[in-house]
Amino acid sequence: MKCTRILLAEDNADIRETLAEVLALEGFDVETAANGKEALERLQGDISPVLILLDLMMPVMSGWEFLDAQKVNPDLEKHPVVVLSAVPATQSLDDLSPLDAVDSLAKPIDITRLLQTVERYCDRKVGPTVSQSA
Amino acid sequence: MRIQNTPLKTRSSGFSGALFPVVGFELGKILRTLTSALRFASKEAKARKEAEGLALELAEAVAARDRFLDIASHELKTPLTALKLQIQLNERIFQRGGMEAFDADKCERMFRQSIQQCERLAHLVEDMLDASRISAGRFFVAPRPESLTEILRRVFDRRDDELKNARCEVFMSLEEGIDGVFDAFRVEQIFECLISNIIRYAPGQPVEVMLRRRGVQAVVDIRDHGPGIPSERLPMIFERFERAISENEVSGLGLGLHISRAIAKAHGGQLSVRSEPGSGAEFRLELPIEPIQSSRQAHINAPDKVYIPS
Chain C
1 MKCTRILLAE DNADIRETLA EVLALEGFDV ETAANGKEAL ERLQGDISPV LILLDLMMPV
61 MSGWEFLDAQ KVNPDLEKHP VVVLSAVPAT QSLDDLSPLD AVDSLAKPID ITRLLQTVER
121 YCDRKVGPTV SQSA
Chain A
1 MRIQNTPLKT RSSGFSGALF PVVGFELGKI LRTLTSALRF ASKEAKARKE AEGLALELAE
61 AVAARDRFLD IASHELKTPL TALKLQIQLN ERIFQRGGME AFDADKCERM FRQSIQQCER
121 LAHLVEDMLD ASRISAGRFF VAPRPESLTE ILRRVFDRRD DELKNARCEV FMSLEEGIDG
181 VFDAFRVEQI FECLISNIIR YAPGQPVEVM LRRRGVQAVV DIRDHGPGIP SERLPMIFER
241 FERAISENEV SGLGLGLHIS RAIAKAHGGQ LSVRSEPGSG AEFRLELPIE PIQSSRQAHI
301 NAPDKVYIPS
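Residue numbers (the numbering used here), protein chains in the order written: chain C, 1 to 134; chain A, 1 to 310.
Accuracy of the hints is not assured; some may be wrong.
Some but not every residue of chain C turned toward chain A, in silico, with C-beta under 8 Å [said to hold, decoys possible]:
1) Val22
2) Met57
3) Leu76
4) Ala86
EDC-like mimics (lysine to aspartate or glutamate), calculated; alpha carbons at most 16 Å apart, straight line [to be verified]:
5) A/Lys106 x C/Glu17
6) C/Lys37 x C/Glu65
7) A/Lys77 x C/Asp110
8) A/Lys106 x C/Glu21
9) C/Lys37 x C/Asp68
10) A/Lys164 x A/Glu208
11) A/Lys106 x A/Glu119
12) A/Lys77 x A/Glu119
13) C/Lys78 x C/Asp68
14) A/Lys77 x C/Asp14
15) C/Lys78 x C/Asp110
16) C/Lys78 x C/Asp103
Note that these hints are calculated values from the structure, not bench results.
Computed from a prediction, not measured in an experiment: that's the story for all the values here.
Virtual Cβ for every residue (Gly too), placed ideally from N, Cα, C.
Work out the full structure: start from the sequences and follow the hints.
If you want it as structure tokens, here you go:
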């Protein structure tokens, strides 16, 4: 099976654990981090994820700071990043486009959309989707 | 102006004998016109200044509203995201394994998680409503005879596991029998807020809690040994939507201390802080032990006292 490892950086433990469980249920190997610093440490530990799911507002090192650190390190830059964002009320998802992320998912995250997005970066199909609600 | 049309010469006798009175009359008129114009200009300048001030206030209010919307939407979406993900996950598990996929433990966990997220949402909404009540001058407390010693002990007991998980050892020195008239629910809210801040900002550090009677007042000092509050943020931490550190780093509405201070003032008391970067933070709650007679609302807008720790 190709490229099944995903690095998930999210500070909220409930969201992190549930997302990890969702992805594990679909057969992904999930590495988790509670902030950008932990995510960088996981990457430097050579876990080589096919995709990074990144929250933006995190303590210690935010998602924005993680993207900055990733940009200046050619070894880390190759990993695509999908931002998980509670888009501010006064902004839209388009405002996130200047970020060095390949994609973004607005919170509250829809599992169907999440899995469709993950699928795009993995050479495999995920299991049956259930909910179509946005 | 009309002076330009006034004939200064008569056809028969050259300069008119009435010239000077006319000039005097016209000069007086000019002066009155000029004075009136100056007055008008002065009023206009004042009005313009007032309008500029109002425009600035309006821009600040709009910016504050946008900032609040951003923070509130982020904070509300966090438990909403967790709740939605948990429901969707269970939906997928059910789709694949039916009811057999759910044993008693799994069901219990599922219900507990859902209830926790709903409580978190309700708490956020309640904080926002409190902030609105404070802003509108409609924030009240409902004091009843209570023991402050017991209130303080009860809250620290309730948060004991969380404090232990955060490796915060608590040293309590409580004077017994400090009984007065307090809104226990609201006073607990102050201690809950201070404990949450300690867990968030000062994990791994000891906490000292002291309660004593000082005249007609009960004084509670809660001191942590965390990183302290940066001096430039210290004057603002009781304001709405303020946090001790950057909003990108720690979540929360930034209303806890704002509401806590309002609760203290509604009791006729005070909540103050002393902190130096690197030396932790010390919050002092002063509450009158005797019931206050006047409208509690008046105390919310009372000037803040300077906290000089003994």
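Here is how each hint holds up against the structure:
{"no.": "1", "hint": "Val22", "verdict": "holds, 5 Å"}
{"no.": "2", "hint": "Met57", "verdict": "holds, 6 Å"}
{"no.": "3", "hint": "Leu76", "verdict": "violated, 21 Å"}
{"no.": "4", "hint": "Ala86", "verdict": "holds, 4 Å"}
{"no.": "5", "hint": "A/Lys106 x C/Glu17", "verdict": "holds, 14 Å"}
{"no.": "6", "hint": "C/Lys37 x C/Glu65", "verdict": "holds, 9 Å"}
{"no.": "7", "hint": "A/Lys77 x C/Asp110", "verdict": "holds, 12 Å"}
{"no.": "8", "hint": "A/Lys106 x C/Glu21", "verdict": "holds, 13 Å"}
{"no.": "9", "hint": "C/Lys37 x C/Asp68", "verdict": "holds, 12 Å"}
{"no.": "10", "hint": "A/Lys164 x A/Glu208", "verdict": "holds, 14 Å"}
{"no.": "11", "hint": "A/Lys106 x A/Glu119", "verdict": "violated, 20 Å"}
{"no.": "12", "hint": "A/Lys77 x A/Glu119", "verdict": "holds, 14 Å"}
{"no.": "13", "hint": "C/Lys78 x C/Asp68", "verdict": "holds, 13 Å"}
{"no.": "14", "hint": "A/Lys77 x C/Asp14", "verdict": "holds, 13 Å"}
{"no.": "15", "hint": "C/Lys78 x C/Asp110", "verdict": "violated, 26 Å"}
{"no.": "16", "hint": "C/Lys78 x C/Asp103", "verdict": "holds, 14 Å"}
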